[in-house]
Amino acid sequence: KAGVTQTPRYLIKTRGQQVTLSCSPISGHRSVSWYQQTPGQGLQFLFEYFSETQRNKGNFPGRFSGRQFSNSRSEMNVSTLELGDSALYLCASSLANKASDEQYFGPGTRLTVT
Amino acid sequence: AQTVTQSQPEMSVQEAETVTLSCTYDTSESDYYLFWYKQPPSRQMILVIRQEAYKQQNATENRFSVNFQKAAKSFSLKISDSQLGDAAMYFCASQPASGSRLTFGEGTQLTVNP
Numbered sequence: 191k192a193g194v195t196q197t198p199r200y201l202i203k204t205r206g207q208q209v210t211l212s213c214s215p216i217s218g219h220r221s222v223s224w225y226q227q228t229p230g231q232g233l234q235f236l237f238e239y240f241s242e243t244q245r246n247k248g249n250f251p252g253r254f255s256g257r258q259f260s261n262s263r264s265e266m267n268v269s270t271l272e273l274g275d276s277a278l279y280l281c282a283s284s285l286a287n288k289a290s291d292e293q294y295f296g297p298g299t300r301l302t303v304t
Numbered sequence: 380a381q382t383v384t385q386s387q388p389e390m391s392v393q394e395a396e397t398v399t400l401s402c403t404y405d406t407s408e409s410d411y412y413l414f415w416y417k418q419p420p421s422r423q424m425i426l427v428i429r430q431e432a433y434k435q436q437n438a439t440e441n442r443f444s445v446n447f448q449k450a451a452k453s454f455s456l457k458i459s460d461s462q463l464g465d466a467a468m469y470f471c472a473s474q475p476a477s478g479s480r481l482t483f484g485e486g487t488q489l490t491v492n493p
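If you read the sequences in order, they're chains E and V.
Heads up, this note's numbering is the position in the first sequence plus 190, with the first residue counted as 1.
Heads up, this note's numbering is the position in the second sequence plus 379, with the first residue counted as 1.
It should be emphasised that the hints constitute simulated quantities derived from the structure, not laboratory data.
Quick reminder that beta carbons are idealized off the backbone N, C-alpha and C, glycines included.
Wrong hints could be hidden among the right ones.
[As the list claims (entries may be wrong)] Which residues of chain E face chain V? A partial, calculated answer using Cβ under 7 Å:
| hint | residue |
| --- | --- |
| 1 | S221 |
| 2 | S223 |
| 3 | L233 |
| 4 | N246 |
| 5 | F250 |
| 6 | S284 |
| 7 | A289 |
| 8 | F295 |
Throw the hints in and build the complete structure from the sequences for me.
Set out below in structure tokens:
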């Protein structure tokens, strides 16, 4: 069974631009969560989608948004990029949105904002 | 709200020896899960071990075991017979039983010396 895939793996953008990251969960998984990892702030929860609905949102500004499609693939969008948005963005998928379901992480997208 | 604290930014161990990584947490949830994740240089987050808070028995996975002290809100990871492949960043995390939002600690960088 294929694992969680994230595209692109690496991305360089300029301040003020916007970016869209994609996450394809493991087949059959309906929950997708997004995390931001930076050296200063560590791993922080962005949001979680289950069956195309946002179920939970972390403490990030409105510039960070996401969505989930009917095939459970998810995208996150960051508008008006800032230097501080440079990070590794990880997504994780699970069968449902219960803690008893193991979350499987993708390899991440490394975003650099210049 | 949940918080997770790892007080050891770095640890080292000799190959074949045993090492213990510390983690304390705080949560307002009555039911929750605790995890140890491993993140090698590839950045792929891998689940090492999981503990359900309502279970008193400590979880074990091969060479990995936990010491879960619920009253003290402590959740340490013991790695026995350390191998070179165990070298990685280790994250302690908590998750409410009702959802899939993970709260991570700051991480402990483990070095395994040959």
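Status of each hint after checking the structure:
At its closest, the beta carbon of S221 of chain E sits 6 Å from a beta carbon of chain V; the interface hint therefore holds under the 7 Å criterion. Of the supplied interface hints, the one on S223 of chain E holds, with its beta-carbon coming within about 6 Å of a beta-carbon of chain V, less than 7 Å. With a least beta-carbon distance of about 4 Å to chain V, the hint placing L233 of chain E at the interface is held under the 7 Å criterion. Hint status for N246 of chain E: holds, given a least beta-carbon distance of 5 Å to chain V, under 7 Å.
Here the hint on F250 of chain E is broken, as its CB sits about 13 Å from the closest CB of chain V, past 7 Å. Among the interface hints, the one on S284 of chain E holds; its C-beta lies about 6 Å from the nearest C-beta in chain V, closer than the 7 Å criterion. Using the Cβ-Cβ criterion of 7 Å, the hint placing A289 of chain E at the interface with chain V is satisfied: the shortest such distance is roughly 4 Å. At a threshold of 7 Å, the smallest CB-CB gap from F295 of chain E to chain V is about 4 Å, leaving the interface hint in force.
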